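S.K.: Residue numbers (the working numbering), protein chains in the order written: chain A, 1 to 332; chain B, 333 to 526.
Derived from the structure by calculation, the hints contain no laboratory data. Just so it is clear, the structure is predicted and the values come from calculations on it, not from any experiment. One or more of the hints may lead you astray.
What the hints assert, rightly or not - Pairwise CB distance ranges, derived in the manner of DEER restraints: (1) A/G138 with B/I337: 20 to 30 Å; (2) A/P320 with B/E353: 55 to 65 Å; (3) B/L356 with A/N67: 28 to 38 Å.
By construction, the Cβ of each residue, glycine as well, lies at the ideal position given by its N, Cα and C atoms.
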Amino acid sequence: MRLVRAALALGLLGLLSQPARASDDDARAWLERMSEALATRNYAGLFTHTTGRQSETMRIVHRVGRNGSTERLVSLDGSGREIVRTPSEVHVYLPDRGVVLVEPRTDEGSLSKALPVPGPQFDALYELRIGDGNKLLGRKVRVLDIRPRDAQRYGYRLWLDEETAMPLRTVVADGRGRPIELINFTQLDMPRRIDSKEIEPTVDAAGFRWVRGARPPPEPRPTVAAWRPTRLPPGFSLVASRTQVIPGVALPVQHLIFSDGFASISVFIEPGNPSGPAPSQATSVGSAHAFSTIVHGHVVTAVGEVPLETVRDVATSVVPVQIAQPPPHVPR
Amino acid sequence: MTDRIREQMSALLDGELPRDEMGLLVRRLERDEHLRRAFGNYVLAGEALRSPSGPLAGARFAARVSAAIDAGTVDATPVPVAQPARARWVRPTLATAVAASAAVVAVLLVKPAVQENAMVAGVALQQVQRAFALASLPIIAESSPTPAHSQRLAGYLMAHSQFASAIGRRNVWSSVLASDPGIARASYEFAETP
C-alpha cells in the first residue's frame, strides 16, 4: 500500500518536475483561458470525483445567459443530491432527507475584480508550467501545472482541452506532490445553447423543508468590533467581508474571505453559544479542510481548499480588533 | 437490469456512449435509485482501473497485488454489489472486465493506451480500490463531525464555495454532494431541532 502511494507520489512529482516546453507566459495565458472558458462557455458533462477511497459520478450543466450563469450539479451514485445555482441563489437538494438548503448567491463580478491577476505576486507563490499531454476524450490536451512554492497551499495539475482550454481532468496535490483529489471528465459537451430545462432540478421538492440563509439587514451604525487573523500564509489578503445568516445557524456570523489569487480561505466568527456543543476541531471534506476553535466566547472556523495545517494556523490566530471609525460629522 | 443497460453504463464511463443514448441513460439514472446504486458500483470498479497514475497501473502493480495474494494479506471482505453473484460485466472494447461475486471480485485489467497488459485475478475489489486510492487526507481524532458541527460545516462550505475559484467551487460542491461524509444529513437533523 505504502509502495503504491509512494509510486503515485513519485509519479506526480516526476510529472510536475518535467521540463516545461513553453514559457511561463504561455502557462499564464492558458490559466487565463481556462478561467474564461469556465465562466463564459456552455457545457454539460459527466465526471468522477475521487478523494481518499471514495469515488462518485456527477453530472454538471453550466449555462450562460443574459442574466448571468446558472449551473446544476447532480450526484448519479445513489443519493440523487443536487446543487442548482440560479442567478440569485444556490439550492442544495437533499432528497434523501427531504431538505433544500438555500444560500444567497454572491456577486461573482465583485470577487473576480478583487482577485489579483497572475503577476509577480502570483509568481512568488506558485510556479506555472505548461506541457504536452496525451489525448483525453478524443481531444488533444495541454497539461498545466500550478505548483505551490510552500506547503501552505495546494498544487493543481490540469489537463486542458487544447481547443477550448476547458479542464478535462484536475488533480489536487499536496505540498509533497501527493494527489489528494481527482476530477475526471468522462463526457463533456460544449453546445452553443443549453435548454433551461437542463438546469432545473429533477428532484420533486414538494413537501421538502427549505432551510434558508440570508444576509441580515444593514446595521444602523458601523460595526466597531471586528476579527482578524494575526497569522496568514504569505500572499493571502482580505478580499471581502460580510455578515450573513448561514442556513441552519441561528445567529448571523461574520464571514471574512482571504485569497492568494488562486486559493481562498474563509473565516467565520459565530457568536458564542454556551449551551451548544463544542465544535469539532478539524474536519476534512475532499481537499477542503475546516478547523474550529473558541476565541473570546465565539466559535471561529476557518475553511478553505488548503492543507489542514493552514486553516488551523489561521483559525487559532484570530483575535478581536478595533476598526478605526471616522469621526462623526458635527455640523457647525 | 438488462445487459444492454450494463453495456450502456460501461460505455458512459468510458465516454463511448452515443449522445442520444447518453441523454436517455442519464435521465434514467437521475430517476432510478436502484440503477444509480448499480452505477455507483461500476464507478468504483472503473475508478480502480482508471487510476490517475495512468501507466503506473501496470504490470508492476499487478505483481505487487499478486505478491500480496501469495502472502495472504489480501482483504477478502465481501464487497456489497448490486449484481447477482452470476452477474458479469464484460466489455472487451473497454479493455476492462469486472466479474463480481458475493465475496470476491476478480479484476482483469488491460490498458491498451500504453500497450500494457496486466491481469489481476482473485483480488477483492476493496483491495484494488485501496491500492489505487489517492493519498489519504490527514485523519485526526476530531475528524468525525458531530451532527451540530456538520451542520455548521455544510453551511460554511456552501458560503465559502461562492468565493472559491471555479475549480475550487466544483471540488467543494462535489464533496458536499458525496453521499458518505454525512454533512448534509447532519444539516437536516440540526434543522429539525428547534
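S.K.: Honestly, which of those hints from before does the structure not fit?
M.R.: No numbers; nothing is violated.
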